[in-house]
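**Q** Sequences and hints are given; from them, build the entire structure.
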Amino acid sequence: MAKDMMSGFALYQPTDLKNALSLITKFGSDGWILAGGYDSLDWFKDRIKRPKAVIDLSGITGLRDVRETNNGIEIGALTTLTEIHQNSLIKQKFNLLSEAAGKVASPQIRNYGTIGGNVCQDTRCWYYRYGLDCYRAGGNTCYADTPQGLNREHCLFNADRCVAVSPSDTAPALIALEAEMIVVNQTGEQAIAAEDFFIGPGIDIERMTVLKPGDVLTTIRIPNTWAGAQFYFEKVADRNTWDFALVNIASAMKIKDNVIIEIRMACGGVECVPKRLTVVENVVRGNPRDEETAQLAANSASRGATPLNQNHFKIPLMENLVKRAIREA
Amino acid sequence: MAKTHVSTTINNEPVEFLCEPNQTLLDCLRNELQMTGTKEGCSTGDCGACSVTVNGRLVCSCLVFGVEAEGQNIGTIEGIGKAENLHVIQQKFLEHAALQCGICTPGLIVATEALLAENPDPTEAEARYYLAGNLCRCTGYDKIIRAVMDSAAEMRGTA
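Top to bottom, those sequences are chains A and B.
In case it helps, my numbering puts the first sequence at residues 1 to 329.
In case it helps, my numbering puts the second sequence at residues 1 to 159.
Because the hints were derived from the structure by calculation, they are not lab data.
Since the model is a prediction, treat every value here as computed from it, not as a measurement.
C-beta atoms are modelled at their ideal positions from N, C-alpha and C, and glycine is treated no differently.
Heads up, a few of these hints could be off.
[Said to hold, decoys possible] Looking from chain A toward chain B, a few residues come up when the C-beta cut is under 10 angstroms (computed):
#  : residue
1  : Ser-7
2  : Gly-8
3  : Gly-37
4  : Leu-41
5  : Asp-56
6  : Ser-58
7  : Thr-61
8  : Gly-102
9  : Arg-110
10 : Tyr-112
11 : Trp-242
12 : Leu-246
**A** Take a look at the structure:
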């Protein structure tokens, strides 16, 4: 298969953010921002995305490290997933993120793929990835949500024409840790809560995040709020490696005398955005950490789910993951 | 489109080549430099057949641009052993019959070498975790893992 016959483009390798931003602004929607490239090259090889200009950020210094700050840590968006998985500061304070990063794809992909790319990657709906003219690709139909559609990997909640899900493993962890995403463009920089960084099809069906042409995610900040809390991360996929999650769960809990004082939980693979489980948080807060609370949490987690033909299994899967997160963290 | 000039180091030897911006490192190795030891499998990062190291990090060369090799240190299967002088890992793969069709083998040997450079005494679970990005459709992995564990022991001098 002549799959790696990518169409031609001009490659820019700026060495500072200022130049990168002016290139990104200049090319607008004809430009493509490249970090690790492990999602980008798939698109280019399938010839579905054919940018005129590719702007490679990997030469910009200062975007690839983990720093301790007064009130938490800062992670450069170009830090690789392996670096995040192995970083001692992250392990010590926010092991949830370290574990999530270690579950992404395969060693090769974690070695080159970045945290910025992991949260900004496009959805894995196979109809969309195949290059069909679905809603998300600017067309006027959804191929997954049809009587014959293959939709076992699609969403349970808040579909709006498109039924694709967020594929990221690190995104639910970042939401549970109350991370902030620093988005920079030529007019300045903005801090956006991780929870609001991801957007559903009801807001814009062609984007997965708030990023517009001209914007770059440069940094992720994690406050000390949840440092050293009791964490739980689990990913369930068809294969143990290299596969995307059917459902994943990330939670942070503070427990005192076996009572859950504070909790934040997010779930991936069930909605177009990583789903913050606010209902579960409200149900369990103040309750003892036991089987009964876990059961209560599980029941409340899937309330309002509207499964498609082939993804009913995701309801008990999600419930069981919530149960484990409460019971086994 | 003008080709880009790339100066890099491959298997500790300085190398220069010309390539288009849209050529992958795998394409450059195989078609510009005639180093055909590195294989193309899926070309989407799933199978690991094209594994090489970039500054010691194991990566899929099919998802890295050739121009990204500029100034880096690339390690390929050609740097590990020669037909007349096999590396321990290659010898152990033969002894344990850890290959059948052979397409995954260069990638697996590069991955094993990277694993043992990082962790000379891996547990079986650690070895399996590290090699999880290299798919083999013939052997069922057990023979590969036996070869890897035996190579590790031999290289530590405890076999």
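**Q** Against the structure shown, which of the earlier numbered hints fail to hold, in ascending order?
**A** 7, 12
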